[in-house]
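Protein sequences, first through last, are from chains W and X.
The working numbering numbers the first residue of the first sequence as 1 and each following residue consecutively.
The working numbering numbers the first residue of the second sequence as 298 and each following residue consecutively.
Hints are computed from structural coordinates only; laboratory data are not their basis.
A hint or two may mislead.
[As the list claims (entries may be wrong)] Straight-line Cα separation of at most 27 Å, DSSO-like style, residue types lysine-lysine; simulated pairs:
no.: 1; chain 1: X; residue 1: K887; chain 2: X; residue 2: K800
no.: 2; chain 1: X; residue 1: K887; chain 2: W; residue 2: K261
no.: 3; chain 1: W; residue 1: K261; chain 2: X; residue 2: K934
no.: 4; chain 1: X; residue 1: K856; chain 2: X; residue 2: K934
no.: 5; chain 1: X; residue 1: K357; chain 2: X; residue 2: K476
no.: 6; chain 1: X; residue 1: K577; chain 2: X; residue 2: K357
no.: 7; chain 1: W; residue 1: K261; chain 2: X; residue 2: K549
no.: 8; chain 1: X; residue 1: K733; chain 2: X; residue 2: K800
no.: 9; chain 1: X; residue 1: K845; chain 2: X; residue 2: K800
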Amino acid sequence: MTDDLELRDLDRMRARGAVRAVLVVYLAELAWSLLAAWPIRVHASRSFGAHPDGDAVLFAPGARALLEWVGDDSGGVLVSALPVTVATLLVGALVMQLPLGALLLRLTHTRGGIPPRAGEGAAFARRAFMPLVAIALSSLVLEGAILGGGVAAAGALYDRLAPRGDARAVVYAMTAVVPFLLLVAAVGVTADLARAAVVVRERENLGNASALRTALRALRHAFSGMRRAWALAIGAWASRWAAGLALVVCGAVAAAYLGGKAGAALVALWVAHQIVLLGRTALRASWLARAARIVAP
Amino acid sequence: MSPFCASRRHSGAVLLAFVLALSCAPTLPAPQAADAERPAAPATPTEHPEHVASYTMRAKLDPALHTVHGEGTLTWKNVSHSPVRELWFHLYLNAFKNQSSNFMRAPIGGFRGAIVPTDWGTIDVKKLSWTDGATTHELWDAVELSRPDDPDETDARVPLPREIAPGETVTFAMVWDDKLPQVVERTGYDGSFHMVGQWFPKIAKIEDDGRFAHFPFHHLGEFYADFGAYDVTLDVPESFTLGATGPATESKVEGGRRVERHVQADVHDFAWTAWDGFQKRTETIAGVTVTALYPPGYDDLAERELATMRFALPHYGERYGAYPYTVLTLVHPPATVPEAGGMEYPTLITTGSPSWTPRGLLTPELVTIHEFGHQYFYGLFASDEVTWPFLDEGLNSYAEAEAMAKWRGAGSLMRMFDIELGDAEGHAFRGNMFSKDEKVAQPAYAFTTGTHYGALVYGRTSTILETMRRVHGDDAMRRALGTYAKRARFRHPRPDDLLGAIKDELGERAAETLRVALMEKGWVDYAVTSVASAPVRPPAGLFDRGGKRETVPADSGAKGTFEGWVLVTRRGTLSFPVEVELVFADGSRKREAWDGIAESVRLPFHGTSPLRAVLVDPDARILLDEDRTNDFATAPKASRAGAGRVLERATYWAGLALGAIAP
Ligand SMILES: [Zn+2]
Chain W
1 MTDDLELRDL
11 DRMRARGAVR
21 AVLVVYLAEL
31 AWSLLAAWPI
41 RVHASRSFGA
51 HPDGDAVLFA
61 PGARALLEWV
71 GDDSGGVLVS
81 ALPVTVATLL
91 VGALVMQLPL
101 GALLLRLTHT
111 RGGIPPRAGE
121 GAAFARRAFM
131 PLVAIALSSL
141 VLEGAILGGG
151 VAAAGALYDR
161 LAPRGDARAV
171 VYAMTAVVPF
181 LLLVAAVGVT
191 ADLARAAVVV
201 RERENLGNAS
211 ALRTALRALR
221 HAFSGMRRAW
231 ALAIGAWASR
241 WAAGLALVVC
251 GAVAAAYLGG
261 KAGAALVALW
271 VAHQIVLLGR
281 TALRASWLAR
291 AARIVAP
Chain X
298 MSPFCASRRH
308 SGAVLLAFVL
318 ALSCAPTLPA
328 PQAADAERPA
338 APATPTEHPE
348 HVASYTMRAK
358 LDPALHTVHG
368 EGTLTWKNVS
378 HSPVRELWFH
388 LYLNAFKNQS
398 SNFMRAPIGG
408 FRGAIVPTDW
418 GTIDVKKLSW
428 TDGATTHELW
438 DAVELSRPDD
448 PDETDARVPL
458 PREIAPGETV
468 TFAMVWDDKL
478 PQVVERTGYD
488 GSFHMVGQWF
498 PKIAKIEDDG
508 RFAHFPFHHL
518 GEFYADFGAY
528 DVTLDVPESF
538 TLGATGPATE
548 SKVEGGRRVE
558 RHVQADVHDF
568 AWTAWDGFQK
578 RTETIAGVTV
588 TALYPPGYDD
598 LAERELATMR
608 FALPHYGERY
618 GAYPYTVLTL
628 VHPPATVPEA
638 GGMEYPTLIT
648 TGSPSWTPRG
658 LLTPELVTIH
668 EFGHQYFYGL
678 FASDEVTWPF
688 LDEGLNSYAE
698 AEAMAKWRGA
708 GSLMRMFDIE
718 LGDAEGHAFR
728 GNMFSKDEKV
738 AQPAYAFTTG
748 THYGALVYGR
758 TSTILETMRR
768 VHGDDAMRRA
778 LGTYAKRARF
788 RHPRPDDLLG
798 AIKDELGERA
808 AETLRVALME
818 KGWVDYAVTS
828 VASAPVRPPA
838 GLFDRGGKRE
848 TVPADSGAKG
858 TFEGWVLVTR
868 RGTLSFPVEV
878 ELVFADGSRK
888 REAWDGIAES
898 VRLPFHGTSP
908 LRAVLVDPDA
918 RILLDEDRTN
928 DFATAPKASR
938 AGAGRVLERA
948 TYWAGLALGA
958 IAP
């Protein structure tokens, strides 16, 4: 393809230079999350919306209503609403590759110091969509398989150790999962490098090659990036992952503190939880920018 | 025992099994048909039971072959009014002998014990003799191990050479060999761990009329026995740690063997455990020596179980009478045999839960308190667990939920993710699921599935009694069950004893409610059927006033006052007094009491604010209420409170999930 966009200088590939694009990604995720959550809300509202305190009864001490709402296997939320939510989230995982593509372009390209226009971001997102989906699907399948292997290995180890009756068998078995988790992380990091490579290495070829071929070439860049700078990549990813985890913990603390109340407390909880999600999106953008610097030519 | 492995599915197959079994389910005597021959209950607790069946035994464990060689004597008194011409013995271990046993044949799933043992178990009686004067009779030579139409060998009949008269005491000598199964349900071995329960030839309980309450060991049934004194000498390899019913009065190590003598009076069973892996902690709690035996690495759980006993011993003592024994042993089986856990024997209980159980999940505490509760509802009261399982498991599940809530508050089952899940609420969820399928008060073997047994016997009995506690108040319920406990101690109570205590302390209506709930599948569902709320207006229409005809329009004269009514319906065969809460648009709330006797009530209101919503049973006392989602309504045109909290949380969790799968 031909346009006058060029790669940014490496030290200018930063998330903080792309605040608006980060917000767009966050808002897209928020919209999809609302869509996914809606069937659950409808079910709760149908069951308890007419209660004087609404769905607060689900969070009441004792949790009788919650048990029935969740546990009723003929019409409870798990059987009648959750499957729709899960399906929506799975579709969302693919749809979210569109805002991701726009973010990647915004993080890495410029036109004489001026960021690409929104329309250019959208056009790139469309072209990069299939390669990004290919990378997402393959990495998710691989991660799932590795996790499954880890669980199986831990189970086998536990079965061997447990007859001694020692509680430490559980600890050993759980420790056995750790290498598998590290492997999953490595796959995730490599996949992110490949995503970055789609925009910094393969942008010019996007119209000319098949999605699969583009994804494979991006993966090759990712592998060479990992070979070159695996410690740097994993360190950069891990620090942001840890920060994201800390945000989730803060969210849990906020929920515990604010509880299931209505009114101002509920609004405060909305805000607190959404700050957590926005923060995680920003951390993710920051890491993708770092990944782009690693795989950039 | 504890029902924690019971599944909760309600499938078509379950329903089908229910319909099929209903046609052959035995019917119960009407609860009012009290046994006239039973002596009146004393007003004060009996300090000691009459010793009917006392055993002196010696048992030697071979941990490699998983065998126990036993010998000893049984001293038995005919306490009935009739001469006895035969004896009946329970040979429980034969339940695990083959797949022809009643236990293994039962087409019952959904409860514990639904596995085929990888190594079978048996009890072979070698000798049962009676030296009567100068003559020794070899009674076992004439034993009838099974019936012609039933190959089960757990219920043996032994004819006698002469009658044993009422009041006569006789002594039998016994020799037998056990082969323990790989742990099934409650008993057996796993590696070098041995849980030895139901391991000796046990004489059936004799009833007043001279009939033995004998029965084959059923998949869902438990036990029933006479009180006595046990003097048991256990002989195991030196490296093994022993736990057993009663205190160890002698202990020595000799020739590589550990020999301990355990002596306990006023009990009706004896169980023991031996393992070379046990860790041990001992603590005196409320005057009782409590010993925790547990696998390596379970120190945290042992502490949680001991902490439970620090609360439970005084609490149960205050509510159900003092714990009369000097010892209590808590046995936490290794993780590979959870089936050995969650079981009760006199002064010895088995606990459970994985070592990594988070502190917010209270299953270790719950199992411990449940099994300890059986020291009363099974141990001291000794009701017929086969015929009336609700009297032990049901009442004990209520006691467990009551104690856990008193100790740990609303989150007595789980306290995690800002959710407080109550044990009683868990019972209600399970117990209300099958309320219309089968009655609660029926024999264990009459239940169509283990799931029904678990839900109705444990869950529903607990829910019925907890509803009564919340309706009548904690003091009244404590008095009622305290009276029952006093009358029941050492006296093998029956359903009438429970109904009688409830009637004496809570009144006729409460007793009748309990009877219908237990015996007639009683159920209840309160519902808000309709709500009306409108401004107060003068009557509209044509009026002749002062010689003139006036037209009063329909929407005239609203003066800021409102009126209307709510219609509350009671469905089902049970009734409880209940409160109805009216919630007005200005935020004010008003409660109306309804005796709940009629099938419906229309409650009018009049005030300065329109009605926004109405809620039946605002304090959630009626745990038996079948459907909580019809207990409230929002007035027409009023705004619903909605589901904002659920939307907030679901959106947040969806956002986190999306971030995890969609980078
Ligand atoms: Zn129990």
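Results of checking the hints against the structure:
1. As the CA atoms of K887(X) and K800(X) are separated by approximately 32 Å, the hinted pair breaks the 27 Å bound.
2. Restraint check for K887(X) and K261(W): the C-alpha separation of about 21 Å stays at or below 27 Å, so the hint holds.
3. The hinted pair formed by K261(W) and K934(X) meets the criterion: a straight-line CA distance of about 24 Å does not exceed 27 Å.
4. With a C-alpha separation of about 19 Å, the suggested pair K856(X) and K934(X) falls inside the 27 Å cut-off, and the hint holds.
5. Distance hint between K357(X) and K476(X) is fulfilled; the C-alpha atoms sit about 12 Å from each other, no more than 27 Å.
6. A hinted pair counts as satisfied when its Cα atoms are at most 27 Å apart, and K577(X) with K357(X) qualifies at roughly 22 Å.
7. The straight-line distance between the Cα atoms of K261(W) and K549(X) is roughly 63 Å, outside the 27 Å bound, and the hint therefore fails.
8. Pair hint K733(X) plus K800(X) holds up; C-alpha atoms about 25 Å apart against a cutoff of 27 Å.
9. Annotation: proposed proximity of K845(X) to K800(X) is violated, straight-line Cα distance about 67 Å (limit 27 Å).
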